Amino acid sequence: MAKIRKEDKREGLNDPDYIFYCVGCKCDHGIWTEKKNRKGATWTFNRDMDKPTFNPSLLINWVEWPKDPKRDEKGNLILQADGRVEGTKDMVCHSFIRDGFIQYLGDCTHKFAGQTIELPEYE
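Under the numbering used here, the first residue of the sequence shown carries the number 6, and numbering increases by one thereafter.
Keep in mind that the hints are not guaranteed to be accurate.
[Unchecked claim] With a straight-line cut-off of 27 Å between C-alpha atoms, the simulated DSSO-like cross-links for lysine-lysine are:
id, residue 1, residue 2
1, 56, 41
2, 79, 31
3, 116, 94
4, 72, 40
[As the list claims (entries may be wrong)] Just the calculated beta-carbon pair ranges, DEER-fashion:
id, residue 1, residue 2, range
5, 52, 93, 26 to 34 Å
6, 67, 122, 16 to 24 Å
7, 77, 47, 42 to 50 Å
8, 64, 93, 15 to 23 Å
9, 121, 76, 22 to 30 Å
10, 106, 66, 30 to 38 Å
11, 111, 91, 39 to 47 Å
12, 86, 53, 44 to 52 Å
13, 93, 58, 30 to 38 Å
14, 112, 88, 35 to 43 Å
15, 54, 122, 13 to 21 Å
16, 20, 122, 24 to 32 Å
Just so you know, the hints here were simulated from the structure itself, not pulled from any lab data.
This one's a predicted model, so the numbers in the text were calculated from it and none came from an experiment.
Virtual Cβ for every residue (Gly too), placed ideally from N, Cα, C.
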């Protein structure tokens, strides 16, 4: 079974060309090899679905919201000094995918930071 999946749907303008499951983030991540993503980036790919290698690294940033954000007595969300909802966190997943392994770099905010693990098979 392959470790990545070719995306053939092409429903949206920014759909990735390939996806893989990231055990650190517990979700799929996309990689664009044939067309540019919304930031204008593309990756090279060795075309091996079982031992994929993509270059350069993949950097994903997002803001994680609290599960139950705090609200004031009127029901409005409570904001931090920077204007964001209280309890939000900046999250990072930064990795290289080489020969079927994912090398999580040290700036990842999940528990696999600094580790290299085999990509799981994509179901």
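Is the gap between the beta carbons of residue 93 and residue 58 within 30 to 38 Å?
holds (34 Å)
Holds or violated: are the alpha carbons of residue 116 and residue 94 at most 27 Å from each other?
holds (15 Å)
Do the beta carbons of residue 106 and residue 66 sit within 30 to 38 Å of each other?
Cβ of residue 106 to Cβ of residue 66: about 22 Å, so the range 30 to 38 Å is violated.
Mind checking the hinted window 22 to 30 Å against the Cβ distance between residue 121 and residue 76?
violated (42 Å)
Beta-carbon spacing of residue 111 to residue 91 - inside the hinted bounds 39 to 47 Å or not:
violated (28 Å)
Could one say that the CB atoms of residue 52 and residue 93 fall in the range 26 to 34 Å?
Taking Cβ atoms as reference, residue 52 and residue 93 lie about 39 Å apart, which means the hint is violated.
Between residue 112 and residue 88, does the C-beta distance stay in 35 to 43 Å?
Cβ of residue 112 to Cβ of residue 88: about 24 Å, so the range 35 to 43 Å is violated.
Please work out if residue 79 and residue 31 have their alpha carbons no farther apart than 27 Å.
Roughly 35 Å separates the two Cα atoms, so the pair is violated.
Quick one: are residue 64 and residue 93 within 15 to 23 Å, going by C-beta?
Because 19 Å falls inside the window, the suggested range holds.
Can you let me know if the beta-carbon spacing of residue 86 and residue 53 is within 44 to 52 Å?
Because 48 Å falls inside the window, the suggested range holds.
Given the hint of 13 to 21 Å, is the C-beta distance from residue 54 to residue 122 inside that range or not?
For residue 122 against residue 54, whose Cβ atoms are near 18 Å apart, the range 13 to 21 Å holds.
Residue 122 and residue 67 - C-beta distance against the hinted 16 to 24 Å
Check passed, 21 Å falls within 16 to 24 Å.
Of the numbered hints given earlier, the model fails hints 2, 4, 5, 9, 10, 11, 14; all others are met.
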